[in-house]
Amino acid sequence: MHKFKIFQIIFLIIICFEFTDLNSVNAAKQVLSTGIVEERVKDLTTQIHWYKNLKEAEAVAKTQNKMIFWVQMLGDIDGGT
Amino acid sequence: MRAVSLSVDPAFSDLKDNFICGYTDIKHKWYCGKSGKHEVDSIAVDTSNGAGPHNIQMFMLSADGTVLSCLPGYWRSQDLNLELKLASDLNKIWLDPNLSQSQKDKIFVQKQLNHILDHPMSMIQNSRMQGFDRNAEFKKNYIPDTVSNPQLFLEQATGHINNNFHNAAFNNNANAIINTDNSVDSSSLRLTRLNPVTLYRQRQKQVDPVFKTTDEIFHERMAANPFIPFDQFDTGSFVSYGTDHYDKGESKMGPNGNKFTAKKAVGGIFRQVLNQTPLAPAYSLYQFGSGNNHFVSAESN
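First to last, the protein sequences are chains H and F. The first sequence begins at 1 in the working numbering and counts up by one. The second sequence begins at 82 in the working numbering and counts up by one.
Honestly, the hints are just simulated from the structure, not real lab data. Note that beta-carbon positions come from the ideal geometry of N, C-alpha and C, so glycine has one too. Wrong hints could be hidden among the right ones.
Here chain H is said to cover these stretches of chain F; the calculated rule only asks that three of the stretch's residues, wherever they fall, bring their Cβ under 8 Å from a Cβ of chain H [as the list claims (entries may be wrong)]:
{"id": "1", "segment": "125-134"}
{"id": "2", "segment": "168-181"}
{"id": "3", "segment": "214-228"}
Based on the provided sequences and hints, a complete structural model is requested.
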């Protein structure tokens, strides 16, 4: 009986940890399923060429008279982030 | 960001038509934050504008590498598109041979600050700093530039202390700038700028009475950096707000975002315990070249 109560307390602590996660978004508005994510990432990385070298991007931008959209990110645009 | 915003119109079409795109992995940069793992075959969740500023920054550059604008963190496609348009306007100014450098800088500052007023209410509402980022700002031992109402900030900060939300070090510092009769030491208020954008403030106050929304924060910080070469842009200071750990918790969700398993929950708990979230470095180092004194620096805590 005593062990059961300890188990109950531990379980409650675990539940409290989970639902007081301050670093999780508390009001997510839109969730995309895995299939849609894959499809959109594919569109993003095939319909747009993503340069990895800024100097190279600058040279192309000058010849095409365009601006540069340069993303600094944790991870890869076509892989894990 | 890539699945929920970048690959969605109107931003996607604008990027395809008008920009040369590129990216770099910043995991070794000192200002890079932490995040949960997101694979291409995992789910994606949208979030609020400006969330996760340490993990992603989107620069709009002129062809010679001059910084026209920079968006820290996640931004909705329609809001990103408004900023792409502003960058296009600023690029025309930058390339105009009939304007002097000082004229260009002045226009840059005006356009950045005035653009805040053009933001639709939906953008302001979606730019509210999230709870964990607000808490990180409350912990700072000075009034950061992210605060719109210093008096309310101090009141709520001390309220947090009374509730043991924050550490003793902040308690001491907060006491140092609040007098015994609960009035605020005016010297502490010199750390904040006076905001002339009254109309915007009235709208913004409905969203967050204490802190500026992230759309205002980044435009103000951009206004302090007119036409800076990319390699001289102080990204670390620019993204300094909130925590450096951002995780939307997708790893705990199933394929449709609504599943929850005990196994994943336990894994999540250990990850959270092992990954404490230190404060972001203090925002500082801003130098206004055009004599504008909207901004002040703040010492690192």
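Now for the hints, and whether the structure bears them out:
| no. | hint | in the structure |
| --- | --- | --- |
| 1 | 125-134 | holds (count 6) |
| 2 | 168-181 | holds (count 3) |
| 3 | 214-228 | violated (count 1) |
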